[in-house]
Amino acid sequence: MAIRVSVQAATEDECVEGLARLVDAGFLPVMLPRYLTDGRWMARAVPAPTTKAPTAGNGRGPVVSG
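Take the sequence shown: its letters are residues 1 to 66, numbered as in the working numbering.
Hints in this document: simulated from the structure, not taken from any laboratory. Among the hints, erroneous ones may be present.
Unchecked claim - Derived DEER-like restraints, expressed as beta-carbon distance ranges:
{"no.": "1", "residue 1": "10", "residue 2": "49", "range": "13 to 21 Å"}
{"no.": "2", "residue 1": "38", "residue 2": "16", "range": "18 to 26 Å"}
{"no.": "3", "residue 1": "48", "residue 2": "17", "range": "16 to 24 Å"}
{"no.": "4", "residue 1": "49", "residue 2": "11", "range": "25 to 33 Å"}
{"no.": "5", "residue 1": "37", "residue 2": "13", "range": "25 to 33 Å"}
{"no.": "6", "residue 1": "14", "residue 2": "46", "range": "15 to 23 Å"}
{"no.": "7", "residue 1": "2", "residue 2": "32", "range": "30 to 38 Å"}
{"no.": "8", "residue 1": "47", "residue 2": "17", "range": "17 to 25 Å"}
{"no.": "9", "residue 1": "8", "residue 2": "28", "range": "16 to 24 Å"}
{"no.": "10", "residue 1": "48", "residue 2": "16", "range": "15 to 23 Å"}
{"no.": "11", "residue 1": "16", "residue 2": "47", "range": "16 to 24 Å"}
None of these values were measured; they are calculated from a predicted model. We put the beta carbon where it would ideally sit given N, CA and C, even for glycine.
Work the whole structure out from these sequences, hints included.
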């Protein structure tokens, strides 16, 4: 599943602020604020990848079903 979050705003400053809040919440920007032809600003972000793979509890590596 791909999770994407968008910020839509009336001004560039509002869009930047919204994107900054997403970054503070652990998201990574994938589209910086951009002015669209219909007169609004938009930015996009995705969840940050996890830094550690889940383990089976014994510390020997990632859980693999199979």
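Tested hints:
At about 32 Å, the CB distance of residue 10 to residue 49 disagrees with the hint of 13 to 21 Å. Checked against the given bound of 18 to 26 Å, the beta carbons of residue 38 and residue 16, roughly 19 Å apart, stay inside it. Between residue 48 and residue 17 the beta carbons are some 19 Å apart, a value that agrees with the proposed interval 16 to 24 Å. Taking 25 to 33 Å as the suggested C-beta distance range, the pair residue 49 and residue 11 conforms, at roughly 31 Å.
Between residue 37 and residue 13 the CB atoms are about 20 Å apart, so this pair departs from the stated range of 25 to 33 Å. Distance hint check: the CB atoms of residue 14 and residue 46 are about 21 Å apart, consistent with the given range 15 to 23 Å. Between residue 2 and residue 32 the CB atoms are about 19 Å apart, so this pair departs from the stated range of 30 to 38 Å. Against the hinted window of 17 to 25 Å, the Cβ-Cβ separation of residue 47 and residue 17 comes to about 20 Å, which satisfies the hint.
Checked against the hint of 16 to 24 Å, the pair residue 8 and residue 28 passes, with Cβ atoms roughly 19 Å apart. In this structure the hint that residue 48 and residue 16 lie 15 to 23 Å apart at CB holds, the actual value being about 19 Å. At roughly 20 Å, the beta-carbon separation of residue 16 and residue 47 lies within the given 16 to 24 Å, and the hint holds.
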